[in-house]
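One letter stands for each residue in the lines below.
Protein chains: 6
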Amino acid sequence: MDYFDIQVEKIVERALEEDLGWGDVTTDNLIPEDARAEGTVVTRDEGKVCGVGVIEMVFSRVDPETQVQVVKEDGEDMHPGDVIARVQGSAGSLLRAERVALNFMQRMSGIATVTARYVDAVRGLPVRIADTRKTAPGLRVLDKYAVRMGGGLNHRLHLGDGVLIKDNHLALMGLGGGRLKEVVSRMRRHSPRILSVEVEAKSVEEARAAAEAGADIILLDNMDAGTMKAAVDAIAGRALIEASGGMSLERVRSVAETGVDFISVGALTHSVRAMDIALDIRPA
Amino acid sequence: MDYFDIQVEKIVERALEEDLGWGDVTTDNLIPEDARAEGTVVTRDEGKVCGVGVIEMVFSRVDPETQVQVVKEDGEDMHPGDVIARVQGSAGSLLRAERVALNFMQRMSGIATVTARYVDAVRGLPVRIADTRKTAPGLRVLDKYAVRMGGGLNHRLHLGDGVLIKDNHLALMGLGGGRLKEVVSRMRRHSPRILSVEVEAKSVEEARAAAEAGADIILLDNMDAGTMKAAVDAIAGRALIEASGGMSLERVRSVAETGVDFISVGALTHSVRAMDIALDIRPA
Amino acid sequence: MDYFDIQVEKIVERALEEDLGWGDVTTDNLIPEDARAEGTVVTRDEGKVCGVGVIEMVFSRVDPETQVQVVKEDGEDMHPGDVIARVQGSAGSLLRAERVALNFMQRMSGIATVTARYVDAVRGLPVRIADTRKTAPGLRVLDKYAVRMGGGLNHRLHLGDGVLIKDNHLALMGLGGGRLKEVVSRMRRHSPRILSVEVEAKSVEEARAAAEAGADIILLDNMDAGTMKAAVDAIAGRALIEASGGMSLERVRSVAETGVDFISVGALTHSVRAMDIALDIRPA
Amino acid sequence: MDYFDIQVEKIVERALEEDLGWGDVTTDNLIPEDARAEGTVVTRDEGKVCGVGVIEMVFSRVDPETQVQVVKEDGEDMHPGDVIARVQGSAGSLLRAERVALNFMQRMSGIATVTARYVDAVRGLPVRIADTRKTAPGLRVLDKYAVRMGGGLNHRLHLGDGVLIKDNHLALMGLGGGRLKEVVSRMRRHSPRILSVEVEAKSVEEARAAAEAGADIILLDNMDAGTMKAAVDAIAGRALIEASGGMSLERVRSVAETGVDFISVGALTHSVRAMDIALDIRPA
Amino acid sequence: MDYFDIQVEKIVERALEEDLGWGDVTTDNLIPEDARAEGTVVTRDEGKVCGVGVIEMVFSRVDPETQVQVVKEDGEDMHPGDVIARVQGSAGSLLRAERVALNFMQRMSGIATVTARYVDAVRGLPVRIADTRKTAPGLRVLDKYAVRMGGGLNHRLHLGDGVLIKDNHLALMGLGGGRLKEVVSRMRRHSPRILSVEVEAKSVEEARAAAEAGADIILLDNMDAGTMKAAVDAIAGRALIEASGGMSLERVRSVAETGVDFISVGALTHSVRAMDIALDIRPA
Amino acid sequence: MDYFDIQVEKIVERALEEDLGWGDVTTDNLIPEDARAEGTVVTRDEGKVCGVGVIEMVFSRVDPETQVQVVKEDGEDMHPGDVIARVQGSAGSLLRAERVALNFMQRMSGIATVTARYVDAVRGLPVRIADTRKTAPGLRVLDKYAVRMGGGLNHRLHLGDGVLIKDNHLALMGLGGGRLKEVVSRMRRHSPRILSVEVEAKSVEEARAAAEAGADIILLDNMDAGTMKAAVDAIAGRALIEASGGMSLERVRSVAETGVDFISVGALTHSVRAMDIALDIRPA
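Chains as they are written, first to last, in the numbering used here: chain A, 1 to 284; chain B, 1 to 284; chain C, 1 to 284; chain D, 1 to 284; chain E, 1 to 284; chain F, 1 to 284.
Please keep in mind that the hints were generated in silico from the structure rather than gathered at the bench.
Hints are not guaranteed to be accurate.
Said to hold, decoys possible - Cut-off 27 Å, straight-line C-alpha distance, at most; resulting in silico cross-link-like pairs (DSS-like, lysine-lysine): (1) B:Lys134 to B:Lys166; (2) B:Lys202 to B:Lys134; (3) B:Lys134 to C:Lys10; (4) D:Lys10 to C:Lys134; (5) F:Lys10 to B:Lys10; (6) F:Lys10 to D:Lys10.
Use the sequences and the hints to build the structure in full.
Encoded structure:
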């Protein structure tokens, strides 16, 4: 983990409070304080490892004396039976940390894995797979980190770090699409220039208008492949192009072939399948 | 939401900080402060509504003057096109709150919906569907609430509110299964009696031993249906029985028919599919 | 301290903030930074030691380089003059930490000591002394830990970890005691089964009704010994029995002799007498 | 409550989290959301009311719609049977808030009451009863507020708001009492003058030296009444005088008669007896 | 305040804790609870108003019943004697909030005012005045907001929202400037494309190299006007240009005339002169 | 730093969150994890060093393995080119911590430096330079620490640690100055005696009245030197005297010569000029 540790430490703290705030009645009462154990984090699933740094934090927050040896780094491939990490320390500490550690790694590896599958599906094409802000509440930085570990690109981290003008904005300003140029230029005038201006388009016409209005990026939302291709042509290289909406693994390559630059996929983070990763513990 | 509001308020606060901590550069600069809007939370998916109380908190934390009118309560059925809630207020406030509100509701409705499917699958049998501690870190109370709204049962909320003695505990105590009785009675002696003692069994033999040791609940972990039936017979009504491990929707009814009392399903919360729920906003 | 450390660290932090948030104007200005000291935590009182782990946290939070050597563990007997722990380190750090450390230990040892007196008073009888939720606000986990160290049993840690149906609940549901059975069964249906259902009874009749309704535990509240005996007979082994209300040290054995299983005593934690424990500091 | 609300709100928040963080499984499942109730906070004990403002915060934090009507203000006398406050609102909200509200008020009224007894014991003499920093960790502001409501005086709120030079400081500076004058003047030079300098004296000689050194206040610690009288004479009006150490209610008047200005009593806050105050709830 | 309220509420909370955490011993003891007052926030200084929304938060956090009437909005001009806002409410509440409210407004108006002076100094030229990350620790969002209210532009809000490659980065990568192209393209590959890549240049040569490497923005650091002009020419419109380093009010116009697009000024926020703004309070 | 570390750690934490909460996109992506660097904190300005302890905290919070070697302690003189500290560690960690560390030290050294200038201006006279509560919100303890390091005196740390009766208080009590004696004695009765009572005077008459009323300290606010001298005479040694209001460096000596005991200067902390201090980083 080289990213965002200040946020991650708090997330780990809360996850431990949530599970361990009232102790572990079983372990606290049965396991002798001096019992030692070692454990192996092992995957029974195929995919990308992600979350090794987070589980190190979990084990060490529960007990700073627990040793964690990383076998596979974040972003590496994993196959059923692979050892991801080894832990060693007080038996009670391993038992107390187990569930929380796995909850993190199972989710993060799930995200990295599915991202990698999308990335594989478009391999060879000049396009990148991006995430969205559809992340689990409170886990944004980890969800986005996992996308990166799967080879994906992060779209906006938070609402404040990118301009995206949608139909809604125009409608709520009391303007139609006809005055988009005015809106884009107003946005540039008011906002730090360092931010690109992205404009959503739902038709070829809107895409062309956005390009003419000077958008840096144009988001083609929920178009079929034919329309998308026409929109790409209408934009004619004047802006970067993002595609979004219903991007299944089956469909993503055909979208990529229309010539868009990014494809954003909400499902990378909003519908995560946990990887089957376990901690095998034995006396040491 | 009648549960756990003190924790939920903090979860909502953090989710908003994460997304809105640096403002909404688009809305802040484009939408007039006095623009009014109304919105409709509408589902395009089939399932159980969950999270209405949370989105009320989200909208009102962003702007206490936003009005939320609940159309469907948590736990009600929803069909594509159904309106779940209506919101009304400052246009900017609706835009700022939108994504966070939906992130909560899409996940929570996803959990409630899949839980309800499991509950439906065992309908008519004297068995209950339970969750696990395999929840998204930091979202435990919401994930478990959603399970209840789907008709499920909550297993341990946190490590401290239930005794569950696993093989690991015995091994780390340096004891074999043969001394389980001693362990169970030691647990009773040390722990508040008000907690039931649950013991994990991986074979018919272990199940029988647990029953003899006086366990209140016996967890049959990762058994096939035949073994499970034998274990149920061996326990012979001396304890409540929980089944867990690889409980797919396809398989769950056959497990239920073995006569167990609870079936716990990690996938209810660890592998959530977000429901497709949107907020349609228009000028008011 | 093997329990609840995540909560305890925050309690210690706050106690230090409260006392040291604006520094120690005397020590900060008079004591040289390189002055070394050693100290002895010594009791002038008779009773049970409790809080050694907490004062370790206090000293180490003020200054990680302070050495604490534990002489007596939590739960051990202490007699006037006994040394409980020795500390060594920067003179200023010992002075700054002193009051907060003692405030914790004096209270916790007070709770453990009085609990042990109640436990002694019923020695030989099959009954346990339990605490209540009448703890100092914010110190619940420490107060309850101290009860355990005195040999007592913890009743509910928090409102969410046990069902206790009182007259108030029935009245506010608009039901009389006559429908208790319905209420108990409704509670079982709605709540995780893993929680026992306790019902409060204020008369022999109510006790009998609770037993018939299927309560797991029956709380006999504020009964004289005769009534209590009659209630125990009426319950006839169908439920565990808790007694509460005005449990003085003088009276507790006669209550125990009625055959109840637990006796809960609010005064263990709501009316604590601090033990006389001091820190003697000298130059090192 | 006109004091320290910013700290008190956090204390209340934590007390509620501690008790209600995982909900109230009984009330949440049994009491209908629309059930209304009213309650009476009534004392069965004799003493001083304290904590009315805090319980208002508790009820309103649990449910802003609960109405609290104050009948007796903090600092007023209370007699068995007196109504202190009336509450009205959702039945569930009253039940959820009950225990935490009472835990505050029982402790605070206990402190105010015993303080008032000390104040009564020295009535007519020009002396004031003061508290110490021996308060329950995390409850300093409330404990000290309650002392004021009982008619007492607050000594240092925290370590940073008063200078108190003890034997320990001199010893750890490597100085004997003989250089006290130098120390006092060094303290004045380094610290904001706005703080008085208090010096601890354990003998008549030390008291005289402190007066000569220019102390503003001299603390006579653990002296018998005769020695104390001699010390008062030796100081001869050159400083204010505080007495401390083993100040029982029986002894306090004889100490007051020696002519000291303040008597500080650790037991006001370190060994609190909770007042017997209850909340009677009924359907409304 | 339409920006970042979630962060600002916490900043206000802490400022109040810092000043009012132990109450206001003067006001708490002298001012009757029912005394009413009204106050006028009035400037004795010339410049730009900023912080009205923050002082509204301060007064309302101290006492939700205080009424604040805004007379001048953030960003408006103020002249000595102008009324900025009127407040009305409990006399004690106004006194308690006064200092904290003014501390915010005096600083924020100071920032807005000096920013406006820089903006005025370059009026008519196609250049914008920008801030830096040299803000008071913990006050970033307010300092940057005040810059906007003075007509300035925000550079990076935090380290994560913009790429800025400096000499240090190249040196620490073990690369010289000669491989800048490789670094820029590596940065694009690894980072979300939505972020522009800015490169620091300390000479005309470096500026040219940065332009050739494909930088979106080039930062000309600490150049004299002649060098800067040459660098602008060398860049030849291939990138936006920022100038920084020792930008005094006297010098800024000559820098602007070299044709740069932004001029960033650390002094806007690191060396703030507080505006002389007071709160006049009188009985109501 | 021997003061207030508990508060300072939180301030450092927040400053880092604010700048690094979303990572450092440049460093995170360009600098190899194993790159090592060393840096020198060097001043280009003349004045007093302050903040060395804080930057140690900053570097160690970002990366506990960074080594910081202090060359100049807080309060020492610094001249252009002087090295204040050396740091060594991971290259990325130094880059990430740089800005936040400097923001602290530049401000704190600025405060210490200007304070030292005021102290120098009155050298030889029996008067001390004091600060006010006009500090940057959230940075009170650091601002006041820096004043001490510059040789100044701290006035009230917070509103609760000193009594200061102003005209406003009298007016809002519905009392004129004529009843000041009554107010002072009421204040003494209600407040801990340990606090001195300070009274503000705006004229010679008010100063005399304050002295007669028994004030311990009298604040002469906004008087010219002649009036101030007359007020000092009128007080005639009956109280300590503080002067405030428009205390420029030019004027302060003439004020000091009137015979006041303290001169308080808001500008020490409300209008800070950041010292020019830099971190030079190179590969190690």
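Going through the hints against the structure:
| no. | hint | result |
| --- | --- | --- |
| 1 | B:Lys134 to B:Lys166 | holds (17 Å) |
| 2 | B:Lys202 to B:Lys134 | holds (20 Å) |
| 3 | B:Lys134 to C:Lys10 | holds (26 Å) |
| 4 | D:Lys10 to C:Lys134 | holds (19 Å) |
| 5 | F:Lys10 to B:Lys10 | holds (20 Å) |
| 6 | F:Lys10 to D:Lys10 | holds (17 Å) |
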